[in-house]
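Asker: Each chain is listed here by its residues.
Protein chains: 2
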Amino acid sequence: MTTLAIGLYDHFTALDAIGPYQVLSNIPDVTTVVCAAERGVVPDDNSLMKFDVEHTFDDVPRPDVLLVPGGFITRKIAEEGHPIVDWIAAAHPHTTWTTSVCTGALLLGAAGILDGLEATTHWASYDHLAGYGATPTAERVVRQGKIITGAGVSAGIDMALTLAAELAGPEVAQAIQLGIEYDPQPPFDSGSPAKAPAEILELVQAISFDGD
Amino acid sequence: MTTLAIGLYDHFTALDAIGPYQVLSNIPDVTTVVCAAERGVVPDDNSLMKFDVEHTFDDVPRPDVLLVPGGFITRKIAEEGHPIVDWIAAAHPHTTWTTSVCTGALLLGAAGILDGLEATTHWASYDHLAGYGATPTAERVVRQGKIITGAGVSAGIDMALTLAAELAGPEVAQAIQLGIEYDPQPPFDSGSPAKAPAEILELVQAISFDGD
Chain B
1 MTTLAIGLYD HFTALDAIGP YQVLSNIPDV TTVVCAAERG VVPDDNSLMK
51 FDVEHTFDDV PRPDVLLVPG GFITRKIAEE GHPIVDWIAA AHPHTTWTTS
101 VCTGALLLGA AGILDGLEAT THWASYDHLA GYGATPTAER VVRQGKIITG
151 AGVSAGIDMA LTLAAELAGP EVAQAIQLGI EYDPQPPFDS GSPAKAPAEI
201 LELVQAISFD GD
Chain E
1 MTTLAIGLYD HFTALDAIGP YQVLSNIPDV TTVVCAAERG VVPDDNSLMK
51 FDVEHTFDDV PRPDVLLVPG GFITRKIAEE GHPIVDWIAA AHPHTTWTTS
101 VCTGALLLGA AGILDGLEAT THWASYDHLA GYGATPTAER VVRQGKIITG
151 AGVSAGIDMA LTLAAELAGP EVAQAIQLGI EYDPQPPFDS GSPAKAPAEI
201 LELVQAISFD GD
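Chains as they are written, first to last, in this note's numbering: chain B, 1 to 212; chain E, 1 to 212.
Rather than coming from a laboratory, the hints here were simulated on the basis of the structure. Fair warning: there could be bad hints in the mix.
The list cannot tell twin chains apart, which means a pair is met if one copy fits it or any two copies do.
As a list, the in silico SDA-like pairs of lysine to any residue whose alpha-carbon atoms are at most 20 Å apart [said to hold, decoys possible]:
| hint | residue 1 | residue 2 |
| --- | --- | --- |
| 1 | Lys-50 | Pro-136 |
| 2 | Lys-76 | Asn-46 |
| 3 | Lys-50 | Val-33 |
| 4 | Lys-195 | Ala-165 |
| 5 | Lys-146 | Arg-75 |
| 6 | Lys-195 | Phe-72 |
| 7 | Lys-195 | Glu-171 |
| 8 | Lys-76 | Pro-186 |
| 9 | Lys-195 | Pro-184 |
| 10 | Lys-76 | Asp-58 |
| 11 | Lys-146 | Gly-169 |
| 12 | Lys-146 | Pro-187 |
| 13 | Lys-76 | Thr-31 |
| 14 | Lys-195 | Ala-206 |
| 15 | Lys-50 | Asp-86 |
| 16 | Lys-195 | Gln-185 |
| 17 | Lys-146 | Thr-96 |
| 18 | Lys-50 | Thr-31 |
| 19 | Lys-76 | Ala-138 |
| 20 | Lys-195 | Pro-61 |
| 21 | Lys-195 | Val-172 |
| 22 | Lys-146 | His-92 |
| 23 | Lys-76 | Asp-10 |
| 24 | Lys-195 | Gly-169 |
| 25 | Lys-195 | Pro-170 |
Let the sequences and hints guide you as you build the complete structure.
Answerer: If you want it as structure tokens, here you go:
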């Protein structure tokens with residue numbers, strides 16, 4: 001059995017965690033553990049979706065696969081310190097895969113494991129990622145050895161399918177993709193700074209939609 | 001203000017709800033209410049992700065926008081009856097938009113609102129959807145008047161961006177798409193029965209990955 005630990009913290013972005021969760025929890029022989037610093041309710045970044053978490057980081061000190069979602073608050077807790085950063089730092093030497101979605105990469109960075117590596121994060125947080133010694137890379141999914149980082153929020157699904165293929169083979173990954181009917185057809189082509197209309201990019205930058 | 005009510009029930013599929021939630025809760029002037037038959041913990045379809053729900057259906061009898069996720073259990077509760085079906089039936093005449101993701105469409109069907117209409121659902125549930133008088137349509141997002149149905153699981157993100165453009169205009173929808181960096185790049189092209197390799201389709205059908 002492979003243990004997958006999804007580490008949550010107050011004000012994470014829900015889709016960052018649930019996208020990969022829906023992919024990875026479907027892999028046969030993967031045991032998924034949702035955990036946080038303490039048992040209890042963990043609110044998402046707008047405090048409308050609340051998660052009842054039954055396991056602590058101490059319950060899963062040595063997961064095979066570690067997954068860290070992002071959230072607006074990551075910049076703050078990456079700088080100030082947080083139990084999830086300590087957990088990542090202690091667990092990473094023993095993992096098979098250490099992964100992040102969006103600004104979860106800042107927490108990997110704060111744990112000291114991205115120094116000198118290429119990595120990705122939400123497009124608005126490249127500079128912050130660079131502050132941890134990483135080389136920000138505008139790719140959907142970046143793999144460096146056993147570390148896989150995904151771009152912003154929705155990229156967790158693509159990251160997780162990549163990881164599923166590594167864990168269980170491409171057939172299982174494709175079966176999961178079919179199971180969740182992941183045949184994306186966005187009604188607009190505005191999902192990256194390179195593709196979005198200039199006025200949309202300016203709008204999003206103006207409202208500081210960075211770091212989620 | 002527009003009130004968006006996301007109706008949950010035990011054993012719904014987490015991504016069905018969280019995908020659209022992440023899009024729609026970002027729309028200015030939308031108030032999002034996550035609700036269920038009773039307050040308390042609502043587990044997802046594999047009981048690993050647990051949601052602490054603070055509002056009941058009775059708290060939001062007249063939402064402007066009603067959103068119903070799917071889950072393996074929908075076939076059963078659509079046939080047997082369930083408070084969410086009663087809520088949909090009572091609320092729908094007053095909504096601006098009534099929407100579903102995946103097999104949430106079976107619950108709309110059970111509420112009697114899809115008879116004679118085109119609709120979509122998870123690809124493995126077309127026959128069940130037809131049982132409610134709907135014409136199953138293999139499109140990612142199907143709109144009939146004020147009813148919008150999305151295909152399986154991950155299609156909720158595309159459905160929600162379509163709805164966001166209706167609620168707040170295409171600029172806001174594109175800004176949200178950029179905010180969640182929704183520039184999908186699946187590592188495989190296996191997300192629909194028409195695209196998946198035959199052996200993958202047979203594998204998924206054999207393990208009854210239907211109805212989620």
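Asker: Now, for every hint given, state plainly whether the structure supports it.
Answerer: Structure-based check of all given hints:
1. Proximity of Lys-50 and Pro-136 under a CA criterion of 20 Å is satisfied in neither setting, with 31 Å inside one chain copy and 34 Å between copies.
2. Taking the shortest alpha-carbon separations for Lys-76 and Asn-46, only the intra-copy value of 16 Å comes in at or below 20 Å, while the best inter-copy value is 33 Å.
3. When the C-alpha separation of Lys-50 and Val-33 is checked against a cutoff of 20 Å, the pair qualifies both within a copy, at 17 Å, and between copies, at 12 Å.
4. In this assembly of identical chains, Lys-195 and Ala-165 lie within 20 Å of each other by CA distance solely across copies; the values are 18 Å between and 28 Å within a copy.
5. Proximity of Lys-146 and Arg-75 under a CA criterion of 20 Å is satisfied in neither setting, with 23 Å inside one chain copy and 41 Å between copies.
6. In this homomeric assembly, Lys-195 and Phe-72 never come within 20 Å of each other (Cα to Cα): the closest approach is 23 Å inside a single copy and 36 Å across copies.
7. In the homo-oligomer, the alpha carbons of Lys-195 and Glu-171 lie at most 20 Å apart only across protomers (14 Å), although the nearest pairing inside one protomer, at 31 Å, exceeds that limit.
8. In this homomeric assembly, Lys-76 and Pro-186 never come within 20 Å of each other (Cα to Cα): the closest approach is 32 Å inside a single copy and 31 Å across copies.
9. In this assembly of identical chains, Lys-195 and Pro-184 lie within 20 Å of each other by CA distance both inside one copy and across copies; the values are 16 Å within and 12 Å between.
10. Taking CA atoms no more than 20 Å apart as the test, Lys-76 paired with Asp-58 passes in neither setting, with 23 Å inside one copy and 38 Å between copies.
11. Taking the shortest alpha-carbon separations for Lys-146 and Gly-169, only the intra-copy value of 16 Å comes in at or below 20 Å, while the best inter-copy value is 42 Å.
12. Taking identical chains as interchangeable, the C-alpha atoms of Lys-146 and Pro-187 lie at most 20 Å apart only when they sit on different chains, with a minimum of 18 Å there against 34 Å within one chain.
13. For the homomeric pair Lys-76 and Thr-31, neither the shortest alpha-carbon distance inside one copy (31 Å) nor that between copies (27 Å) is at most 20 Å.
14. Taking identical chains as interchangeable, the C-alpha atoms of Lys-195 and Ala-206 lie at most 20 Å apart only when both belong to the same chain, with a minimum of 18 Å there against 40 Å between chains.
15. Proximity of Lys-50 and Asp-86 under a CA criterion of 20 Å is satisfied in neither setting, with 24 Å inside one chain copy and 25 Å between copies.
16. Taking the shortest alpha-carbon separations for Lys-195 and Gln-185, both the intra-copy value of 15 Å and the inter-copy value of 14 Å come in at or below 20 Å.
17. Taking the shortest Cα distances, Lys-146 and Thr-96 sit within 20 Å of each other inside one copy (6 Å), while across copies they are farther apart (48 Å).
18. Taking the closest pair of Cα atoms, Lys-50 and Thr-31 come within 20 Å of each other only across two copies (16 Å); inside a single copy the shortest separation is 22 Å, beyond that limit.
19. Within a single copy, Lys-76 and Ala-138 get their C-alpha atoms no closer than 23 Å, and across copies no closer than 45 Å, so neither meets the 20 Å cut-off.
20. With identical chains, the CA atoms of Lys-195 and Pro-61 are never at most 20 Å apart, being 41 Å at best within one copy and 40 Å at best between copies.
21. In this assembly of identical chains, the alpha carbons of Lys-195 and Val-172 lie at most 20 Å apart only when taken from different copies (15 Å versus 31 Å within one copy).
22. Taking the shortest Cα distances, Lys-146 and His-92 sit within 20 Å of each other inside one copy (10 Å), while across copies they are farther apart (49 Å).
23. In this homomeric assembly, Lys-76 and Asp-10 come within 20 Å of each other (Cα to Cα) only inside a single copy, at 12 Å, whereas the closest approach across copies is 35 Å.
24. Within a single copy, Lys-195 and Gly-169 get their C-alpha atoms only as close as 32 Å, which misses the 20 Å cut-off; across copies the closest is 19 Å, which meets it.
25. For the identical chains of this complex, Lys-195 and Pro-170 are inter-copy neighbours only, at 15 Å across copies versus 29 Å inside a copy, given an alpha-carbon limit of 20 Å.
The earlier numbered hints that this structure contradicts are 1, 5, 6, 8, 10, 13, 15, 19, 20.
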